[in-house]
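Undergrad: Given the coordinates of chain A, assemble chain B onto it according to the supplied hints.
For reference, the chains in residue letters:
There are 2 protein chains.
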Amino acid sequence: MIKVVILGSGNVGTHLFKVFKNNSQINITQWYSRNIKDINQYSKSVKTTDKIKDLDDADLYILAVNDDSIHELSALLPFKNRLVCHTSGSKSINELNKNNRAAVFYPLQTFSKDNELDFTKIPLCLETENSEDMITLKSIVKNLGCKYYEIDSNQREKLHLAAVFVNNFTNHMFTIAKTITDDSSIDFNILKPLISETVNKIYKLDPIDAQTGPAVRGDDKTINKHIQDLKSKEHRELYRLVTSLINNLDNEKL
Amino acid sequence: MIKVVILGSGNVGTHLFKVFKNNSQINITQWYSRNIKDINQYSKSVKTTDKIKDLDDADLYILAVNDDSIHELSALLPFKNRLVCHTSGSKSINELNKNNRAAVFYPLQTFSKDNELDFTKIPLCLETENSEDMITLKSIVKNLGCKYYEIDSNQREKLHLAAVFVNNFTNHMFTIAKTITDDSSIDFNILKPLISETVNKIYKLDPIDAQTGPAVRGDDKTINKHIQDLKSKEHRELYRLVTSLINNLDNEKL
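Each protein sequence line maps, in turn, to chains A and B.
Position 252 of the first sequence, counted from 1, bears residue number 252 in the working numbering, the numbering being contiguous throughout.
Position 249 of the second sequence, counted from 1, bears residue number 249 in the working numbering, the numbering being contiguous throughout.
Hints may contain errors.
Identical copies carry no separate label here, and so any pair may be met within one copy or between two of them.
To be verified - Here are the simulated lysine-lysine pairs, DSS-like style, with alpha carbons at most 27 angstroms apart:
1) K47 x K80
2) K192 x K121
3) K37 x K47
4) K3 x K233
5) K147 x K204
6) K18 x K204
7) K204 x K158
8) K192 x K44
9) K192 x K142
10) K221 x K158
No lab work stands behind these hints: they were computed from the structure.
Just chain A, same shape as in the assembly:
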């Protein structure tokens, strides 16, 4: 059994608690939150605390807290030379205080508190200061049945940037599309099968080869009509910019 203490009661902390709790090889010895009210509902199934001085002994301490709290919280830990990881995509392993053995356990997924996720589908990006500690992280990941990747802090920063494009910016493309359909009293649901197929394609094709539409065809008539149809100046600017990027990629390929 691997003994784990979770620190933090946000989306990631709560998801980790639930998935660890259901795993026979992982023992959550304690759950810490500075807002004890957030985790009171779980106090029958786990020892909870809001006192950093009272942390129990464990094989791994997971700091599932806001990016900006990692540094400070890791410095407050009342012990030395234990294995301590954060779960952030954008922070370096060096964000953790040097009193303990630093590591990163970054689940690359978009978490909402209410949303049930199949954790086995989530890739885990792992990094450790010491190679022996990697064995501990890997054994947790294997127990969960997840895929894992050894990713250093520099790569993880780039991966997080790429994640912003495929998740945050893609979601904003959906938001703009919904503005357009709402404005013309069109049911946004019509677009959902197209959205699903857009994603299915990346499992079969390199995205550059999956590109279709007026930009890649150089269909200026449609492009100009679309730009005229967009009500917002920023949306017109975005349409022009992405169209020119798609168009240039195509030229580079030829």
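TA: This is chain B only, laid out in the frame that chain A set:
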């Protein structure tokens, strides 16, 4: 049995041929292509021709050709007052010559010739000049088991514009992400579960409520680091623009 003639041997024409051929209620009386070589392989299962003057009698003629060929091809049809539709998302019903009864049969999906698609999942956008002709189009769609929507030419233009955002531009977000991961020797596959979950969320949440990430959090530290990390001037410009759009949306909500 509804008698149909397909004109055009591109992606849409070929997909329609295959799905109609498998349907007992639809009889493809003929398949026309000006490049007869493209459809020769099907000549055992359907009457093919490259002579517009030789078109047989049918209940519906489907012009599955390039947007810019619709007008000209519809004017070359050697008959009058028959039901003729195009399959374009961006062209008005008025693009069709007035000699015949005009209609639109627009399957809202991204087609690749090799890609097998479940046609029952594709929404069909229907429009007819005469209300009786809508009955013919609806009976075809019902035979195929597809969802359909009555969408006029003005709405279809807006829908096509929205489709550019959810399909073409979204796919380009994936292309940019792959540039970033490739540049740092990161396996692009790590991002695929995140991409799938991004899309799963729109089946549960309005995209504006599904928005996460540094832009919506106003996390300027991460935003500035990301902009520094981007190598291309256009990618930096795009990052700034989408970030400011996400940020403004949030302010509008508050």
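Undergrad: The structure should be examined with respect to each hint, and the outcome stated for every one.
TA: Status of each hint after checking the structure:
1. When the C-alpha separation of K47 and K80 is checked against a cutoff of 27 angstroms, the pair qualifies only within one copy, where the shortest distance is 22 angstroms, while the shortest distance between copies is 81 angstroms.
2. For a Cα distance limit of 27 angstroms, the shortest separation of K192 from K121 qualifies both inside one copy, at 22 angstroms, and across copies, at 10 angstroms.
3. Taking identical chains as interchangeable, the C-alpha atoms of K37 and K47 lie at most 27 angstroms apart only when both belong to the same chain, with a minimum of 13 angstroms there against 74 angstroms between chains.
4. Taking identical chains as interchangeable, the C-alpha atoms of K3 and K233 are never at most 27 angstroms apart, the minima being 55 angstroms within one chain and 47 angstroms between chains.
5. Taking CA atoms no more than 27 angstroms apart as the test, K147 paired with K204 passes in both settings, with 20 angstroms inside one copy and 26 angstroms between copies.
6. In the homo-oligomer, the alpha carbons of K18 and K204 lie at most 27 angstroms apart only across protomers (21 angstroms), although the nearest pairing inside one protomer, at 33 angstroms, exceeds that limit.
7. Taking identical chains as interchangeable, the C-alpha atoms of K204 and K158 lie at most 27 angstroms apart only when both belong to the same chain, with a minimum of 24 angstroms there against 29 angstroms between chains.
8. For a Cα distance limit of 27 angstroms, the shortest separation of K192 from K44 qualifies neither inside one copy, at 42 angstroms, nor across copies, at 37 angstroms.
9. Only between protomers do K192 and K142 lie at most 27 angstroms apart by alpha-carbon distance; the minimum there is 20 angstroms, versus 35 angstroms within a single protomer.
10. Taking identical chains as interchangeable, the C-alpha atoms of K221 and K158 lie at most 27 angstroms apart only when they sit on different chains, with a minimum of 15 angstroms there against 37 angstroms within one chain.
The structure fails hints 4 and 8 (numbered hints given earlier, in ascending order).
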